[in-house]
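Fit the two chains together into the complex; they arrive one by one in their own frames, and the hints show the way.
As you go down the protein sequences, you meet chains A and B in turn. Last residue of the first sequence: 150 in my numbering, with the numbers rising by one and none dropped. Last residue of the second sequence: 785 in my numbering, with the numbers rising by one and none dropped.
No lab work stands behind these hints: they were computed from the structure. Possibly wrong hints are sitting among the right ones.
Computed list of lysine to aspartate or glutamate pairs in EDC-like fashion (alpha-carbon distance at most 20 angstroms, straight line) [unchecked claim]:
id, chain 1, residue 1, chain 2, residue 2
1, A, LYS115, A, GLU70
2, A, LYS143, B, GLU25
3, B, LYS112, B, ASP91
4, B, LYS183, B, GLU193
5, B, LYS733, B, GLU4
6, B, LYS139, B, GLU110
7, A, LYS2, A, GLU67
8, A, LYS143, B, ASP718
9, B, LYS316, B, GLU419
10, A, LYS126, B, ASP718
11, A, LYS115, A, GLU92
12, B, LYS484, B, GLU610
13, B, LYS577, B, GLU4
14, B, LYS173, B, ASP421
15, A, LYS147, B, GLU435
16, A, LYS29, B, GLU126
17, A, LYS6, A, GLU70
18, B, LYS623, B, ASP421
19, A, LYS143, A, GLU129
20, B, LYS394, B, ASP314
21, B, LYS308, B, GLU218
22, B, LYS249, B, ASP535
23, A, LYS85, B, GLU603
24, B, LYS139, B, GLU76
25, B, LYS458, B, ASP421
26, A, LYS147, B, GLU723
27, B, LYS487, B, GLU603
28, B, LYS139, B, GLU193
29, B, LYS432, B, GLU723
30, A, LYS125, B, GLU723
31, B, LYS724, A, GLU146
32, B, LYS724, A, GLU92
33, A, LYS125, B, ASP718
34, B, LYS458, B, GLU419
35, A, LYS143, B, GLU723
36, B, LYS432, B, ASP398
37, A, LYS114, A, GLU84
38, A, LYS29, B, GLU129
39, B, LYS431, B, GLU401
As the structure is a prediction and not an experimental result, all values here were calculated from the model.
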Amino acid sequence: MKVSFKLNGRPVEVDVEPNEILLDTLRLKLGVTSVKRGCERGECGVCTVLLDGEPAYSCLLLTAQVEGREVVTVEGLRGDELAEKIARSLVEQGAVQCGFCTPGFILTIYAGLKKGLIKNVEDAKKLIEGNLCRCTGYLKILKAVEKLLA
Amino acid sequence: MALEDPFSILEKYLSAEEYVVVGREFTRVDALDKALGRALFTEDYFIRYLQGNALFIKQVLSPHPHALIKAIHVDEAMGVAGVKAVVTHRDIPGVNQVGYALPDQPLLAERKVRYVGEVVALVAAESWEKAVEASQLVKVDYEPLPYVLDPLEAMSRTDILVHDEAGSNIAFKTRVRKGDVEKGFAEADVVVENEYRTHHQDHVYLETEAALAIPDSEGRITIIGAAQHPHLARDIAARVLGVPAGRVKVVVPYLGGGFGGKDDEGPLTISKAALVAYLTGRPAFIVYSREESIRIHPKREATIIRYKSGARRDGKLTAIDVTIIHDTGAYANRAPFILWRATMHASGPYEVPNARVDGYAVYTNKVYQGSFRGFGNPSIQFAVERQMDQLAEKLGLDPVEFRLMNILRPGSRTLTNQELDHSVGVGEALKKVAERSNWISKRREFDAFNKAEKRFKKGIGVGVAWHGISTSRGVPDWSNAVLKVEKDGSVVVFTGIVEMGQGSPTSSHVQIVSEILGVPPEMVRVVFGTSDAPDTGATHASRGTGIGGIGVEVAAGKIRERLARLAGDLLGVEPDKLVFREGRVYPRDNPERYIRWVDLVREAYARGVELSATGYFFLPKGKFDDTTGQGFAYPAFSYIVVVSEVEVDTETGVVRVTRVWPALASGRIISPLQVEGQVEGAVAQGLGYTLFEKLVFDERGGIVNADLTDYVIPTALDMPVVEKPIYVEDVYKYGALGAKGVGEMALIPLPASIANAVSHALGVNVTRLPLTPEYILQLEGVLRR
Ligand code: FES
Ligand code: FES
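So that you can see chain B by itself, here it is in the shape it has in the complex (with noise of 0.2 angstroms):
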């Protein structure tokens, strides 16, 4: 079967002469009901189906930063009249353990606590108000130890241990050796050092964490649940409840919103639900306050970045010296595959012929590092960008033109020394970005401007980043679907991808079908975040297209071979020589000799046709080495170029973000409005990051601003200009028809873009965020820092 071969069906349909529903104006399928509210959110269900019968579950935080349990007393609170249960590490039937890279973090914490905020122990009650009130009654025995906020204090102390057992609190160390580095440094003509800090940042989903789980007589669970991996949060709980992973199934629905924190979050969420259920035998429905979401949930860490780099004066970069020390938390999270990201991308999409670069996963005793939108790609490349400013400053170059100097091509090879063979289209986006925006004479205009005028001051900046697509080093990647034609012709797609906002199976998943199968969207319904459809992986790192339509195109396109052979049978044609389109199958030089596709399925079930198939697709990848850092890194790089606008009021130190030119080469745009939608999103993300949003912690390391009160995030008001984005489809020979991924690019280079244009309108080095207006009139010398 030849002709169903995966590779063969992705070349297919890599470059077509023509799509016609694919990178045209689409309605993603689910926009009506969610506007007119009918869209059910994971509480929903639990108002619509099972109030009144479900228990609610309260969370019982650690007020300490660091102590030992010595003991729990639950019998106070499960006094109080409906409380079901009070369930501690004691209580839990398989392990209480759920650290997704290393072994170190509890569902429940046991022996010690790490962080204000950690979950000790769950209430589960009859009543919101009594499981409210049974847990001020759980009374905890702690023993308080010394405690560590600070990254630098932590990595270089053995006498507090977040983690007594690792020894050290550094939770985990990358490198990459490349070249020569002294050499590079010898022979480099300019030479820029600096230290850049970023800060934390939460999701805000506006949605918080929520799970509702219903046990059944069969000794299986089913939980509905806020995650973005239905099939990791599946193999969690089972593993909590010490049960087989087929007897827990897990249903994403409609999410308000994910950006990575209901990566981690998520499972843990549906773990608690699980247990309770599991061991009450009750429905139960957890839901996490504004406040608790703030203060449990992990967050996108603080850096220092340390960074040398040397240019020639004939522009060419020689060598970047790099140190990387994430704030981890409490826990290591994901911390080492976010660390091992900003390690391979720490020398921004340039060539670089000697490298080192450091990382630290360092432990403190704060809320833990976690996924989030640019997974510490955002901080790693805020750091290249300044340090390509300043060397171009150095030489006497335009920015742009310096980088162009030093851009990836087709054929470049990257910082881990991979080769990088073809879909590499940054060079043109930014040449093409610069023309759109009117760069050099801007630049001057400014200058001259910024000349005349006092009190406000305009910067144009521009940010260029990649974005590795799929897992880092070569960690095994795949893709799947199942897809069934019913007898009426309906198609049903099954993937494990979610609906978050980004709009994957309710919009790409649904053109990759109508694309391939010549079939209306209406026709096409596709069953998304359960784990009763094949492990598609997560709904992260931007693959929800790109790699989770993988599948829905394997599958689609197994099924149009066999339904081509049919009609080419019918029709007395050649297979290859049909046209799929508007429910219609014909020969492409004969329209009008068309069997219809309902009629053509009719025929499939008549004859034996199997009208079900499977997308799996495993992504080709090669060797890493973990010493040198070198090696096969990504399948593919997706590239985003931001040039932004900047007014800086001098007096107030109020940066506003006036206008946003963005331009991605991230292969095939099969959607161009939801990828718009993407850009802007992510455009607001990341001013917020960049210009005010910043979770502060208090001398025990607690949160301080745990409410949108205090912790603010963007408004209409706060919006830029977003032009329309430039595309560069640089198509990648495995992403779903080309694509790359598009998700979290535009958050990635804004924070660099809006430095580099702060920088350029006070004539400032910028190496902080946020850019508030404290730090805008420290840089004035106004203030003293």
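Okay, chain A solo, but in the shape it has when bound (with noise of 0.2 angstroms):
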């Protein structure tokens, strides 16, 4: 089946199976590595996108339910100044290690701090508890969010 969708500010048309996982459509055959997969059971957050502006897991989402709608990554938020600003102060704290979490929290991040949901470091942890981090602890991602309220 066709499904069309806007993929960072872009119409995308492409054919899928009718059970197809959009982490799949965005890696497989949109070209999208920046979109991780860790579990493909909606666990670990690596597979993050923002879904009309809200982070989701692509895991969990058949790309037949995207039809019509807006689909961003890391990608998409080049030259974003919102989001240059996360990414460099995710690596000024040395909140980057492996690196395999981090586009989807910066996803989970921007979505948070544009809707003004992030006004502490305890909204912070809340909010970025569906990402999982297996390297750095969270506590240099939660300092780099907290470098950029103050």
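Here it is as structure tokens:
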């Protein structure tokens, strides 16, 4: 079946299986490699995308479900001031180790800041709970957010 | 060329007056690419470059814990459209043997299977769906055998043998005999004896195992894959294929975490992809699902540790008697090395005059034991440090005070009777962290709090640990790197060390080159993780910087000697008086009389000065006697002390770790930001291990919780405050700039410190991990065991 949606600001049309998950469509068909595969059951957050501005696990979405909607990944935030600030802050604070989880964190934090949901570190903690990181222990990620709030 | 002697180079840079890059804030060079999603991991190479061309590999796993393989029928699977190969042990052109320590393990099961999840066959097809479909059509005739899951039972039985040819389920034994243990206990005024138990932990690197093999026209194969030692992966793959090692090349790209797991499973993953590519002549790609990853790859072992120790009234330890049993599972893998490490660390970082330690690695029909951050050491330090707290209590001494009475210091002899001549900063680290955490007043404050408060109890506990650097027992170990300076002055380094998040090639190695040659970091490129570099050993055992960096230091040091001589001639100055800094070379007393680095390099090219060098360094070691477990165990030890503060809800049994104070005596700190990252990451992983991460096995030894819904790892909400680490820079003369290694360290004493804090909070004796609410309620006597 054909599905059309907006990916990183551009309209795309892809031919997908009815049971195809968005993660596979993005990675395998559209070459969006910043969206990672970690568990395929909505537990780790490395497959996070923004769906109409909301963080969502692309492994739990059927591609058919995003018909007519807008999907954003870190590739689509190039040049976006807030996104670049977040990335820079993560880099400066040493919050990037293996980096496998980092694009997902950037999207979650981006959406949270954009919507004014992060007033303090506690808010950030709750917001990133759905993104796992096995390397950093999260503290430097939170510190990076804290620096942005200051 | 005495100036280029590696020993004099190491000595020269061990203690500079001032470091300008090393020990300073430094932004690792790979961070931005990773943040922006531009960094490529194994599967990304497949997607970018080989999709549509490479075959997909799906693995066929054993559903039995122990069974004979009577026949494998592949015809039906081969009949599925798009299926190009079904590979079983029969198809292996080389040797079907991948055991690292003992030759007991096939790549693909042969004759029998030994655990639920063992790989029996590989199906390769044009599409993922076809590979999955065909994998279900591979029919294996099994004859189930009786199986054994409990290591204690396995030890005492010979009617069920996991490996018939071994004649016993004890895969490997270790021992230490020091002094006179009976006499030691006779001298003791107090004796403590306990049995401790720890459990299996999964690595949960967020990137699962993957490899992409590409055959070329000349019978060579290149594999891009997730591993921690490209040369080992290459050698194993070459053995399986039956070709010379030089025909196989392994490149390890960015890894989404390793933690030891990819050191064991990586070469196997890579061999599977190589095998399919070799047999079909097509590129081949394998990736494990999360469930496959959890079922197949080796784990942090479960252990049973019986520990008896005694001390005199004056606070001196007199003897220890320890039995260590590791649940090794189906294959030895690195079990003997893990057991040796546990055995030789069984005293903790303390002086113990009399010791008996016996270690057993025991085969069972479960997923097998493997490398995991700490490598057999967290469980034994848990036992040691629980013992130390109880001895202190019996002696009426403060736990820190008692430890300080026995702590290793320069000149001390270890458990294996090895004399430590330098680089022993653990005592100072312990003193400093006790001070920083207000240890004494906190203990009192919490005691008072716990008397007054009913539901919530607070505790504070300490854990001290040591970790021998390099391989155990004087087994040969070395470092290497190739460094070249290009005509434009840029520097390229080749190393076999991989980048799995720790940042050695993208931070500390760059800093070392930048420091020694005085070039800006932007001019340095470290090509890592390739078997085309000289063998640098594995990126494990916290050695990526401390040992991996030696090769980089020595190679850079050689180039600097050559360029210093040239610059000395050009400037008419003694080479020793020159400073290399920020792209300039100048006499120390006259920075204005400089020659630019790029010009100096151009001169070198014009005058025939070679600007490529290798940094080979073979670590000096001593002799070790396996029968007594006495002698040279490790070149040096890295040390860490962790103080943890907890709050326990006695009604729910939930333990919350609120604050952690780390203090490292790990030699030179090259990259403070990355060291903090390693400490915080290890605290998270250790906290999961201590509180809730646990693999659960069913009655057939299958893993029940093989997904991240049921196997839960810490989130941001679980994290305590982690204070900035205290550094005692007890430099080690043969480490890179004196570094010893940090990656594993914080995980080693963390379980002990939390267990001690919980014991303090509740006034109980914690002897098991994990500290689940159920176990806490049992300790309180609320729940029955
Ligand atoms: S891959 Fe989607 S949440 Fe893990
Ligand atoms: S940096 Fe490795 S998982 Fe987060």
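To see whether the hints hold, each was checked on the structure:
no.	hint	verdict
1	LYS115(A) with GLU70(A)	17 angstroms, holds
2	LYS143(A) with GLU25(B)	16 angstroms, holds
3	LYS112(B) with ASP91(B)	16 angstroms, holds
4	LYS183(B) with GLU193(B)	17 angstroms, holds
5	LYS733(B) with GLU4(B)	17 angstroms, holds
6	LYS139(B) with GLU110(B)	15 angstroms, holds
7	LYS2(A) with GLU67(A)	9 angstroms, holds
8	LYS143(A) with ASP718(B)	16 angstroms, holds
9	LYS316(B) with GLU419(B)	19 angstroms, holds
10	LYS126(A) with ASP718(B)	11 angstroms, holds
11	LYS115(A) with GLU92(A)	24 angstroms, violated
12	LYS484(B) with GLU610(B)	9 angstroms, holds
13	LYS577(B) with GLU4(B)	17 angstroms, holds
14	LYS173(B) with ASP421(B)	30 angstroms, violated
15	LYS147(A) with GLU435(B)	29 angstroms, violated
16	LYS29(A) with GLU126(B)	16 angstroms, holds
17	LYS6(A) with GLU70(A)	5 angstroms, holds
18	LYS623(B) with ASP421(B)	16 angstroms, holds
19	LYS143(A) with GLU129(A)	15 angstroms, holds
20	LYS394(B) with ASP314(B)	12 angstroms, holds
21	LYS308(B) with GLU218(B)	61 angstroms, violated
22	LYS249(B) with ASP535(B)	12 angstroms, holds
23	LYS85(A) with GLU603(B)	43 angstroms, violated
24	LYS139(B) with GLU76(B)	8 angstroms, holds
25	LYS458(B) with ASP421(B)	40 angstroms, violated
26	LYS147(A) with GLU723(B)	18 angstroms, holds
27	LYS487(B) with GLU603(B)	10 angstroms, holds
28	LYS139(B) with GLU193(B)	52 angstroms, violated
29	LYS432(B) with GLU723(B)	13 angstroms, holds
30	LYS125(A) with GLU723(B)	18 angstroms, holds
31	LYS724(B) with GLU146(A)	17 angstroms, holds
32	LYS724(B) with GLU92(A)	17 angstroms, holds
33	LYS125(A) with ASP718(B)	10 angstroms, holds
34	LYS458(B) with GLU419(B)	40 angstroms, violated
35	LYS143(A) with GLU723(B)	13 angstroms, holds
36	LYS432(B) with ASP398(B)	16 angstroms, holds
37	LYS114(A) with GLU84(A)	13 angstroms, holds
38	LYS29(A) with GLU129(B)	15 angstroms, holds
39	LYS431(B) with GLU401(B)	9 angstroms, holds
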